[in-house]
Amino acid sequence: MDYQNYVQMLKAMADPNRLKIIDLLSCGSLCACDILQHFDFSQPTLSHHMKVLQNAGIVFAVKDGKWQHYSLQKRFVQEFKQNTDQLLAADEHCLCQRSDREKDVAN
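So the sequence shown is numbered by our numbering: it starts at 1 and just counts up by one.
Calculated from the structure, these hints are not laboratory results.
Check before you lean on any hint, since a few could be wrong.
As the list claims (entries may be wrong) - Computed cross-link-like contacts, SDA-like style, restricted to lysine to any residue with a CA-CA straight-line distance of at most 25 Å: (1) LYS51 <-> ASP15; (2) LYS63 <-> GLN82; (3) LYS63 <-> PHE39.
Said to hold, decoys possible - Derived DEER-like restraints, expressed as beta-carbon distance ranges: (4) ASP91 <-> GLN43: 41 to 51 Å; (5) CYS96 <-> CYS31: 41 to 51 Å; (6) ASP2 <-> SER42: 19 to 29 Å; (7) LEU88 <-> LEU36: 31 to 41 Å; (8) ARG75 <-> ASP23: 31 to 41 Å; (9) ASP40 <-> ALA90: 34 to 44 Å; (10) LYS51 <-> ALA90: 32 to 42 Å.
Even for Gly, the Cβ is constructed at its ideal location relative to N, Cα and C.
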């Protein structure tokens with residue numbers, strides 16, 4: 001597991017507004033104007049939240065006229081699920097089951 005990448009995702013998600021944005025985007029691509037309807041903040045505040053999510057590799061944007069259309073990165077969805085499952089699993093892939101040498105290589 002790439003702990004550094006996983007932490008970046010978690011940090012970006014550690015905000016209730018950004019979690020709600022991820023939840024909204026889990027249904028599919030949305031225009032910034034549609035996302036804004038679910039919040040009581042301004043477009044510049046939405047832009048800030050979206051930039052944080054983009055920098056963490058969680059969402060991507062496509063410009064259409066004056067609006068941005070946002071979608072979840074497929075890679076994020078796959079890696080986040082996989083990393084969370086791996087983090088919480090107590091199986092042969094668990095860090096505690098590896099030899100000291102394998103642990104050093106994994107870090």
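Hint-by-hint comparison with the structure:
1. LYS51 <-> ASP15: holds, 13 Å
2. LYS63 <-> GLN82: violated, 30 Å
3. LYS63 <-> PHE39: holds, 21 Å
4. ASP91 <-> GLN43: 41 to 51 Å: holds, 46 Å
5. CYS96 <-> CYS31: 41 to 51 Å: Given a distance of about 45 Å, which is inside 41 to 51 Å, the answer is holds.
6. ASP2 <-> SER42: 19 to 29 Å: Cβ of ASP2 to Cβ of SER42: about 35 Å, so the range 19 to 29 Å is violated.
7. LEU88 <-> LEU36: 31 to 41 Å: holds, 35 Å
8. ARG75 <-> ASP23: 31 to 41 Å: violated, 19 Å
9. ASP40 <-> ALA90: 34 to 44 Å: Between ASP40 and ALA90, where Cβ atoms are some 42 Å apart, the hint holds.
10. LYS51 <-> ALA90: 32 to 42 Å: holds, 37 Å
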